Amino acid sequence: MRLWVYIIRRLLLLIPTLIGLTFIVFILSHVSGTNVILSEYISPKLTGAARQILVQQLTNQFHLNQPIYIQYFYWLWQILQGNWGVTNTPIFSGQVNTAIALFLPNTLMISIVASILIWVIGVPLGVYSAVNRDSPADHSLRIGSFTLYAMPIYLIGIVLILLVGVYLKILPFSGVVNPVSVSSASWYVNGISYPTHIILIDAIIHGAWGIASDAFLHLILPSVTLALAIVASMIRILRSSMLEVLDQDYIRLARSKGISERSVINLHARKNALLPVITLFGYTVAGLLGGAVVVETIFNYPGIGYWTTQALLVSDIGGIMSAALLFGLILMFANLIVDIVYALVDPRIRY
Amino acid sequence: MSEAELKTRKWENTRLSLSVFFANKAAVIGLIIVMAYVVDALLVQFAPQAIGIHSPGTLVENFYNTVPSPPSLAHPFGTTYPGVDLFTSMVKAVRIDLFYSVLVVAIGAAVGSIVGVVSANVGGLMDEIVMRITDVFFSIPYLILALAVGFILGRSLLNMSIALAIVWWPLYARYTRSQTLSTKEFTFVEAAKASGVSRLKIMYKHILPNALPPVFIQISLDLGSIMVIFSTLAFIGFIENASIPELGYLSSLGLNYIQTAPWTVIFPGVAITLFALAVNLVGDGLRDVMDPRRRS
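Protein chains in written order, with this note's numbering: chain A, 20 to 370; chain B, 463 to 758.
These are computed hints drawn from the structure, not numbers from a lab.
Since we're looking at a predicted model, the values are computed, not measured.
Please note that a few of the clues may not be correct.
[Stated by the list, open to error] Just so you have them, the derived chain B footprint on chain A, three or more residues with Cβ under 8 Å:
id : region
1  : 37-43
2  : 97-103
[As the list claims (entries may be wrong)] With the Cβ distance kept under 7 Å, some of the chain B side facing chain A (calculated, not the full set):
id : residue
3  : 598
4  : 614
5  : 693
6  : 718
7  : 721
Don't be surprised by glycine CBs; every beta carbon is placed ideally from N, CA and C.
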């Protein structure tokens with residue numbers, strides 16, 4: 020099969036998954052019986068004629084007088100047009116779109132830093148552990164990753180907060196920036212920084228190096244927590260995949276040809292052992308998104324995850340469902356990229 | 463082969479499996495820890511008075527000062543927020559965590575393995591549809607999906623486990639399906655087919671007994687991860703303010719005192735880690751037993 024045929028097939032497979040995802044979210048918002056759209060858009064304080072007018076308007080917009088399976092398509096149409104509803108949480112109330120624009124950049128920021136850490140720490144340690152199999156270093160690495168793997172993310176975060184934040188007092192562990200330091204910045208209004216909404220990048224754009232370094236310090240602990248939560252399984256999987264590759268005939272051949280052990284590992288073995296790791300990328304994204312919910316909550320870090328738990332605490336359906344939809348979409352496209360990259364790297368997959 | 467000979471063979475096999483498992487010290491330690499948790503849960507369930515617990519279902523026991531006090535002889539793990547002894551609360555919490563984790567695994571396994579076996583045997587369009595449905599479930603991060611489902615069902619422990627089971631069954635369905643499909647390819651199944659055994663009988667007598675045991679072992683090993691996720695959901699606020707002894711919830715109660723009383727958060731967290739670790743160790747031991755290449 021040609022590569023582009025494979026890619027088109029893979030893209031077509033995306034359609035049923037997308038329909039399924041939106042359908043799950045839609046059904047979830049409607050099983051409770053009461054009309055969610057009305058309760059999401061209309062404040063309970065609103066009464067009388069104004070309420071009636073709004074109800075009428077929403078009924079027309081979402082075709083609420085139609086059967087539910089028809090409502091789904093009207094709802095989907097609104098979602099596709101970018102109308103994701105409203106959210107009402109202590110940290111933000113207003114359009115979901117605005118909430119996503121404010122919070123998603125922060126989540127992306129810690130996710131990117133965390134995934135860099137995961138690859139920088141995980142790949143060398145996994146390879147080292149496999150190459151020096153049964154050495155003391157391998158044993159301690161295995162025990163370490165085994166323990167880390169069993170720990171709930173919040174415990175990792177709390178241990179880091181205690182060690183680095185409370186006892187050593189070298190890193191801050193709450194929020195994105197010290198509020199005092201940004202109080203005079205003109206580009207920081209009501210807790211929102213402009214233009215990218217990521218305070219670290221905004222500070223660099225405006226040349227405020229003091230704020231930038233403070234924001235960077237605030238970024239370290241959440242990212243490290245997120246990375247540690249995922250890196251353990253990365254090391255374990257890479258180790259076993261590397262061991263499997265080292266056992267292959269072509270490695271034995273390379274060794275018997277007299278190629279140095281170093282090039283055997285770096286040229287022949289590592290590349291092949293990294294193949295399964297590509298599929299791990301999708302797994303990493305899933306872990307990052309799920310982990311972000313917990314990490315952002317512990318560190319009061321204003322991202323999508325923090326917004327989700329806030330929405331849970333105040334029973335804000337708009338927030339929870341939009342977060343589920345958003346995270347689902349991100350993961351779906353991450354998996355799409357993984358499949359395409361895998362097909363590029365490993366021609367066997369296309370057949 | 464005579465009946466008696468078969469019996470001795472079976473016994474030999476079991477003995478070999480046991481000796482392989484018990485040769486792995488880490489697995490044995492894991493097994494002991496898991497048993498300790500089970501005994502704890504059973505004691506709290508059936509004889510709470512015997513270990514000095516009066517109200518196994520709530521945190522309320524004897525009230526002390528609401529400000530946590532450090533570990534001492536009277537309170538080996540200290541006390542925590544609403545003024546309760548942390549050790550007693552954790553003993554009570556293990557029962558609840560274990561019960562609901564088993565519930566999640568049981569519901570997920572029942573639904574998943576039935577769907578997987580049926581899907582592998584019917585095949586065709588139905589198989590394709592089932593796989594696409596599992597795809598959709600895999601495309602939402604499980605924590606978020608569990609949050610959304612549980613939120614709709616209502617925030618309670620039971621609904622939280624139902625939500626987790628709904629998130630988890632596709633995994634088991636896929637695993638059971640692939641096990642069934644690969645068992646179908648074995649020569650002994652072909653031999654049975656060739657000797658004219660009916661399809662249904664092949665299913666029950668030959669495929670299922672060989673395909674399901676590894677599936678169930680895999681599933682029971684998920685107990686550790688499930689408990690971690692269960693407590694994480696409770697920690698981030700899934701349980702509404704209630705006096706429920708649950709390990710994740712216990713951790714979250716101490717969160718406001720973390721700077722002065724770290725033990726209130728650490729001890730319940732360590733209890734979960736220890737359980738997950740022990741289950742994984744047992745799992746490694748069982749894999750040695752199951753894998754003939756590793757038991758030489």
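Checked hints:
1. 37-43: Coverage by chain B holds here, the residue count being 3 at a Cβ distance below 8 Å.
2. 97-103: Our answer is that it is violated, as 0 residues pass the Cβ test (under 8 Å) against chain B, missing three.
3. 598: Hint on residue 598 of chain B: holds, closest Cβ of chain A at ~3 Å, below 7 Å.
4. 614: Check passed: Cβ of residue 614 of chain B comes within 5 Å of chain A, closer than 7 Å.
5. 693: Because about 6 Å separates residue 693 of chain B from the closest Cβ in chain A, which is inside the 7 Å limit, the hint holds.
6. 718: 13 Å, violated
7. 721: 5 Å, holds
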